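Residue numbers (the numbering used here), protein chains in the order written: chain U, 1 to 113; chain R, 1 to 114.
No wet-lab data here; the hints were simulated from the structure. Mixed in with the good hints there might be a few duds.
Once the Cα atoms are required to be at most 25 Å apart in a straight line, the calculated DSS-like pairs of lysine-lysine come out as [claimed, not checked]:
#1 71/U <-> 36/U
#2 41/U <-> 60/R
#3 52/U <-> 41/U
#4 77/R <-> 41/U
#5 40/U <-> 52/U
#6 9/U <-> 40/U
Quick list of the computed label-pair ranges, beta carbon to beta carbon [as the list claims (entries may be wrong)]:
#7 54/R <-> 95/U: 33 to 41 Å
#8 2/U <-> 59/R: 16 to 24 Å
#9 61/U <-> 59/R: 32 to 40 Å
#10 54/R <-> 27/U: 24 to 32 Å
#11 80/U <-> 70/R: 31 to 39 Å
Reference excerpt, derived from the structure (chain U facing chain R, CB under 10 Å, subset only) [stated by the list, open to error]:
#12 37
#13 60
#14 61
#15 64
#16 92
#17 97
#18 106
#19 107
Just so we're clear, the structure is a prediction, and the values are computed from it rather than from any experiment. The beta carbon of each residue, even a glycine, is placed where N, CA and C say it ideally should be.
Below are the chains, spelled out letter by letter.
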Amino acid sequence: DTAVSQTPKYLVTQMGNDKSIKCEQNLGHDTMYWYKQDSKKFLKIMFSYNNKELIINETVPNRFSPKSPDKAHLNLHINSLELGDSAVYFCASSSDRVEAEAFFGQGTRLTVV
Amino acid sequence: GNSVTQMEGPVTLSEEAFLTINCTYTATGYPSLFWYVQYPGEGLQLLLKATKADDKGSNKGFEATYRKETTSFHLEKGSVQVSDSAVYFCALSDRYSSASKIIFGSGTRLSIRP
């Protein structure tokens, strides 16, 4: 009964490869997010989608391309991976109410070697 | 733009000590305020929230009061336990177009000694 699930949990890959991280939520939320957490635990929003429409793109390199096939899914595809992309990526979802909290997935630890 | 500033860690306390983690915010609108907790190897979980001025959020012995006059949302607990060791994030949510945007502080690592 996981509310927000993302796969894989761990991803180790070489520089230059292309990889995808999948995210699904079963909470019926209209808004989904991708966050990046660096080694110092700092969390930065990357993207936000509302009903499959891109709402927020926080100056993320074009190598990162989110895809939302329906409002329950928000996948993240990364092209030409670089060492600096190593981080933990979190998917989250929330309802449209401004007071609503976000529910987070367990994270995907991406290591680029 | 909107932002959240919280005290830097790490914070190390003995069991049963009193805890305060400071958090202040900058926002142009009327944001909701949150504290999230991240246990080792896990995702973020909501700890408590407050949606308007003077509201007090509370959960698991933790409390925080939404202070609009000082733009603060400090986290407190009267007697911490070893199991409270985690990273704590202050956050705010404000309206952005047709969605909400949740902005996090830098996180404060808390370690509790037995």
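The hints, checked one at a time:
no., hint, verdict
1, 71/U <-> 36/U, "holds (21 Å)"
2, 41/U <-> 60/R, "holds (23 Å)"
3, 52/U <-> 41/U, "violated (28 Å)"
4, 77/R <-> 41/U, "holds (22 Å)"
5, 40/U <-> 52/U, "violated (31 Å)"
6, 9/U <-> 40/U, "holds (19 Å)"
7, 54/R <-> 95/U: 33 to 41 Å, "violated (24 Å)"
8, 2/U <-> 59/R: 16 to 24 Å, "holds (21 Å)"
9, 61/U <-> 59/R: 32 to 40 Å, "holds (38 Å)"
10, 54/R <-> 27/U: 24 to 32 Å, "holds (29 Å)"
11, 80/U <-> 70/R: 31 to 39 Å, "violated (46 Å)"
12, 37, "holds (9 Å)"
13, 60, "violated (14 Å)"
14, 61, "violated (20 Å)"
15, 64, "violated (18 Å)"
16, 92, "holds (8 Å)"
17, 97, "holds (8 Å)"
18, 106, "holds (5 Å)"
19, 107, "holds (5 Å)"
Taken one by one, the earlier hints fail for this structure at numbers 3, 5, 7, 11, 13, 14 and 15, listed in ascending order.
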